[in-house]
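Work out the full structure, taking the sequences as your base and the hints as a guide.
2 protein chains.
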Amino acid sequence: MSSNLQDFLSPNSIAIIGASKDPTKRGFRSIQTLLTETYPGQIFPINPKEKEILGLTCFPDLASVPHRIDLALVCTPAHTLPGVLNHCGEKGVKGAVILAGGFGEAGEEGQKLERETVEVARQYGLRLVGPNTSGIFNTHKSLNLVGFSDLRKGSLGILTQSGNMALSLVTEGFHNGHVGFSTYIGVGNEADIQFHEYLEYFGDDEHTQAVIAYVEGLKQGKAFLETARRVTQKKPVVLYKSGRTAAGQHAAKSHTGALAGDYAVSRDLMRQAGITVANQSDELLALAETLALLPTPASNRVAVLADGGGYATIAADALTERGLQLPVLSDETQQKLKAILPPAAALANPVDVAGGTDSNPEVFADCARAILQDENVDALLIIGLFGGYKLRFSATLEALENQTAARLGNLIDEFGKPVILQSLYAPLRPEALVILRQAGVPLHHSIETAVQCMTALTDYGHAKRRNQARLESGTASALPASREILATCHQEQRSSLLEHEAKELLKAYGISIPPYVLARTPEDLAQAGQQLGDVPLAMKVVSKDILHKSDAGGVKLNIRGEAGMKAAFAEILANSRAYAPDADIQGMLVAPMAEKGVEIIIGVTRDPQFGPIMMFGLGGIFVEVLKDVVFRALPLSPADAEEMLDEIKAKAILAGVRGASPADRRAIIDLMLRLSRICLAHPEIAEVDLNPVIVYPKGLAILDARMILAD
Amino acid sequence: MSSNLQDFLSPNSIAIIGASKDPTKRGFRSIQTLLTETYPGQIFPINPKEKEILGLTCFPDLASVPHRIDLALVCTPAHTLPGVLNHCGEKGVKGAVILAGGFGEAGEEGQKLERETVEVARQYGLRLVGPNTSGIFNTHKSLNLVGFSDLRKGSLGILTQSGNMALSLVTEGFHNGHVGFSTYIGVGNEADIQFHEYLEYFGDDEHTQAVIAYVEGLKQGKAFLETARRVTQKKPVVLYKSGRTAAGQHAAKSHTGALAGDYAVSRDLMRQAGITVANQSDELLALAETLALLPTPASNRVAVLADGGGYATIAADALTERGLQLPVLSDETQQKLKAILPPAAALANPVDVAGGTDSNPEVFADCARAILQDENVDALLIIGLFGGYKLRFSATLEALENQTAARLGNLIDEFGKPVILQSLYAPLRPEALVILRQAGVPLHHSIETAVQCMTALTDYGHAKRRNQARLESGTASALPASREILATCHQEQRSSLLEHEAKELLKAYGISIPPYVLARTPEDLAQAGQQLGDVPLAMKVVSKDILHKSDAGGVKLNIRGEAGMKAAFAEILANSRAYAPDADIQGMLVAPMAEKGVEIIIGVTRDPQFGPIMMFGLGGIFVEVLKDVVFRALPLSPADAEEMLDEIKAKAILAGVRGASPADRRAIIDLMLRLSRICLAHPEIAEVDLNPVIVYPKGLAILDARMILAD
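First to last, the sequence lines map onto chains S and G.
My numbering puts the first residue of the first sequence at 1, with every later residue one more than the last.
My numbering puts the first residue of the second sequence at 1, with every later residue one more than the last.
For the record, the hints were derived by calculation from the structure and aren't laboratory data.
Treat each hint with caution, since some may be false.
Remember, identical chains collapse to one label, so a pair may be satisfied in a single copy or spanning two.
[Claimed, not checked] Derived lysine-lysine pairs resembling DSSO-like cross-links, with alpha carbons at most 27 Å apart:
{"hint": "1", "residue 1": "Lys91", "residue 2": "Lys21"}
{"hint": "2", "residue 1": "Lys390", "residue 2": "Lys25"}
{"hint": "3", "residue 1": "Lys390", "residue 2": "Lys153"}
{"hint": "4", "residue 1": "Lys25", "residue 2": "Lys338"}
Following this line, the structure appears as structure tokens:
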């Protein structure tokens, strides 16, 4: 039975293995920090050569310690680890933080040592942080095992694959004067405890209101997404994914050797799981703080309250560009504002007070109250000079400004709507802004950052509502008909389904497929013609050995009549034999040519990090040239499918362009959901490609279906 | 003869008209500020009711002042202005800064007053800043007529349509501790002096190294672009354009009433003119400072030097995503780095020192020197902890860190290559970073901001080189053949050219047009068939009254043989008469069907702000749905045309997809340049639409040409 992370990440006793009297060593500095920051638990330095370190009794080994030990900080070099962990295990230590490098990141030798180390730990149910970690901290336990100075206690958790990222966040939080942290985990090599296990821990940690994560790559992406889906129902997770480009992946590899993967895939899947994916690393702290403090808005209708037309314009642009709405305020609200603002004020939204607060900043709170009362408004963004009235206009305004700050904080509770404030005076930290922040209003220096936070808050609220619906189980049951098809492939040791098999499998799950006939010989063509009618036909070669039919000259279009069919049969056969002389050709698939419509592609692959994922895009150049595609992890929910259709850049084409009727969204979504079920029921299907699928105002036609089997 | 702006923006004497003893009034506070900040020129308060203000003699009127006056600060209300300016004119005042609102922004009455006011000023050659301006400052003259406190003297000019934007910049500059300003102009209503005139002033101002501009809309966009093209050859202009969205434009209108226009057009045209267009308002100061300090790089090959793998990864991603290159460092450079860095260091680029600087930050300067020596490297970005070694590791590192800072600054001069530094300790302003900044190295807190600045610097260098080429004169001469065609249209009082006229006009300028025949009657068709050969033909109605030929059923495709042509002629005629019974139908244009190729659209319109502009995009949904188009102002240079082809998102299609050969870029560019010449030679052509143009691996075919004439 392994320990819970809680048991040792909030430890009552710590052993420092490799404790030292050398002030440059971690074995000294960690003890020093624990003492300085008055860690309330017991500290046991371990070093056979010392009797006492910094006034604490030093023990020769763990066995000699007359007390239970929750956590060991291991400061000794890599090669000592298996031995050290044996001692830890025998002592009943619950967790160990291993600082040393020279493991999985350091070639074959190191990888072997890492495996050995983990094996020892597993024998005892001992859990490992690292190796190759910068350490951990837990401010609510006064436990600082990483040695950051200026560490401010608070509610943001940090979970990162780069120790320096934590240093950046802690330093920024210290400097901005109001953000504090709960627990930090530098995951190091994740030899034992995986990223998602830490995330689970943060989800349960009462001191953590929001989690900041820095990820280069994930070894267990699927488990991570599942955990994130649960945790984000409880608290926000703000994540920066690096290694997005080839250059970045190269840099990431020389850093930890983690899997990087395709950024577009990670980003889409993480958002699906409810994670707030930061586009820039410098937004992490602002996003996490805002999401930790505020209620999520009911929808995306934002009001702007500004003391300056330039600010109002910038904010309105930035909100609109990010997809938020600026509703016109109700007549009633505008009347209320008119009564308290000068004639030059703009009242509709954005509201510009036009100097109406210069002599009395309290008017801000009056305006904010009127705006938040408006039913058209879900959230309020206040921008401009607030906090600096004292500095800019008159010292006599100080008291009024401070009162206003407190009132603005109260409005959030009163209306349950979020309020974000941007002030150009934020870096100067005037008292009014300190009060404002203490009253629970997030505070930003940049208009764009404030807007980005408002957007993230709106998105987070949306994602939470979307993910509240129970997700279909990941183990849909397979149907007899589909099992049979796959069993045949298995018997025949094929790595893919023939096109008609794939289509029959889809049919088994209630997916409609346009009529087709498998003509094994030219003699079958006459009957095929009768079955399909006198319409233009398409003919395609059927062979397990020819996957790319067009390349092989294995496709003919617009065929008419029996003579045409026979000629096409012969031509395709000849082409295919020329292309692949040994190909096992089963015949030809004959089907009516499809009417024109909107071409789409739906595919499923098994991602090495994230498991089965679905891709959606429009056909042709949209996928190939513009890469205008979206991804979701399976199982897919109806809301996921809806969003996929809305997230492609060329979505206007689905809605109908140049007078065309809209494509049948219901039919696309139904197909996606059934395909999700199929792929969950049949883990042996490694890849599916429905390409092209032609969508009509009513219904759709799957023209080609390809299924590849797992090895 | 009007005054030069220099004469009064750097004045030796000022009159304060409406001087006051009331400390809340601008007429008092401006004098107080001039005295406090020891303005070296003479100050003349003007107020008939006072004898003395703040120890200065107060004059009853301007005429009584026994001295020349360069500048008048007018603090009196709007209605007094015509009278006040008469007095200024008679006194020979060169410029007046008018604070009062209630002019052009305040309805019809105000507009009338504004016109009167300007008329009075023009009689005397007196120039006006405003009205409705927050004021101006010139720190190099200790002239602060806007009352910003904490104003730091320096080299950045501010030119803005929002006074609050200047307040934001000045406050940010004060807080970040190293950025200072030269001159600020709040342009107000631009009743007299226009935005581009101020820009010209900044271009000539020896104290200004870079200009920050905030623009909502421009009244004289064309003059602004022309000025910007010249000024950016001398110094960078960093501009934020607001009013980008409908919501923003609405906000902007309630602010100043300036023209907003289409953001994509403004942005493209401003970039063409060499302006650095900031995407976010919060980047303005960082961009301007960086561009003011550094030499521009020869090309876009950037090296990253980081003390942390996480930082290196983020920077590599951010640079790559913005189109910069991370070249692999030469073997020689890597050998040099290897000799001074620990074994775990990454040497290729990004370089991660992997702890190699922890005990000696000077290693940074050694690494930087080795990297800058590399011929593959145009610029260096240093990211991570520098400046904080003293804080993070040991106080004993202070001297070394300070020396390193100075050395890094020297490297810029030595190699003529830019160096930008990002440090997580930037906001704490440790001494090393103060030294670094004094040594001329721009300093950023955010990795993304540092990367954005590097990108802007690279783009600015590119734009300067591009724009150095002499621009073709805007007054190309018209050819007799084209004049004749346009004269016919004029005589016939037509507002557009017939398709064959437009094509003949293009031909006159050496643009090749696929063969066509104008068949005025069905009897002409036989000869048309002979001329064009036995190929599939297209037929289109020719009528000045039918602009949208397809809508009118006026187009038939894939016509074969004389009988087919006759049938098509009759059908189109019938359709057209049904569509527009009174249409004057001149006949049919018959032309061979075009081969398939890449469809593009080239258009020219006359923008109300910017004059003639060209649009380029791929045909069909690329323009209509994806809005994947680029714009340039005319005259177009060959480099402009090249960039237009490279800037569309779907540019891969021009390069050839799915095995297609590349489209003929030379032919497209040649067409664009000739079209530019045509539109400059013929200002009477208001709009041109070449749509579609089919581009082949060799050559192109203009299938339709539409030209609309100006009223």
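My question is about Lys25 and Lys338: at a cut-off of 27 Å on alpha-carbon distance, are they close within one copy, between copies, both, or neither?
Only across copies: Lys25 and Lys338 sit 26 Å apart there, 66 Å inside one copy, limit 27 Å.
One pair to classify: Lys91 and Lys21, alpha carbons no more than 27 Å apart. Within, between, both, or neither?
within (24 Å within a copy, 83 Å between copies)
Which holds for Lys390 with Lys25 at a C-alpha limit of 27 Å: within a copy, between copies, both or neither?
Between. Shortest inter-copy distance 17 Å satisfies the 27 Å Cα cut-off; intra-copy 49 Å does not.
If the cutoff is 27 Å on CA atoms, where do Lys390 and Lys153 land: within, between, both or neither? Let me know, please.
So Lys390 and Lys153 pass the 27 Å test across copies only (23 Å; inside, 30 Å).
Violated hints for the displayed structure: none, as all numbered hints are satisfied.
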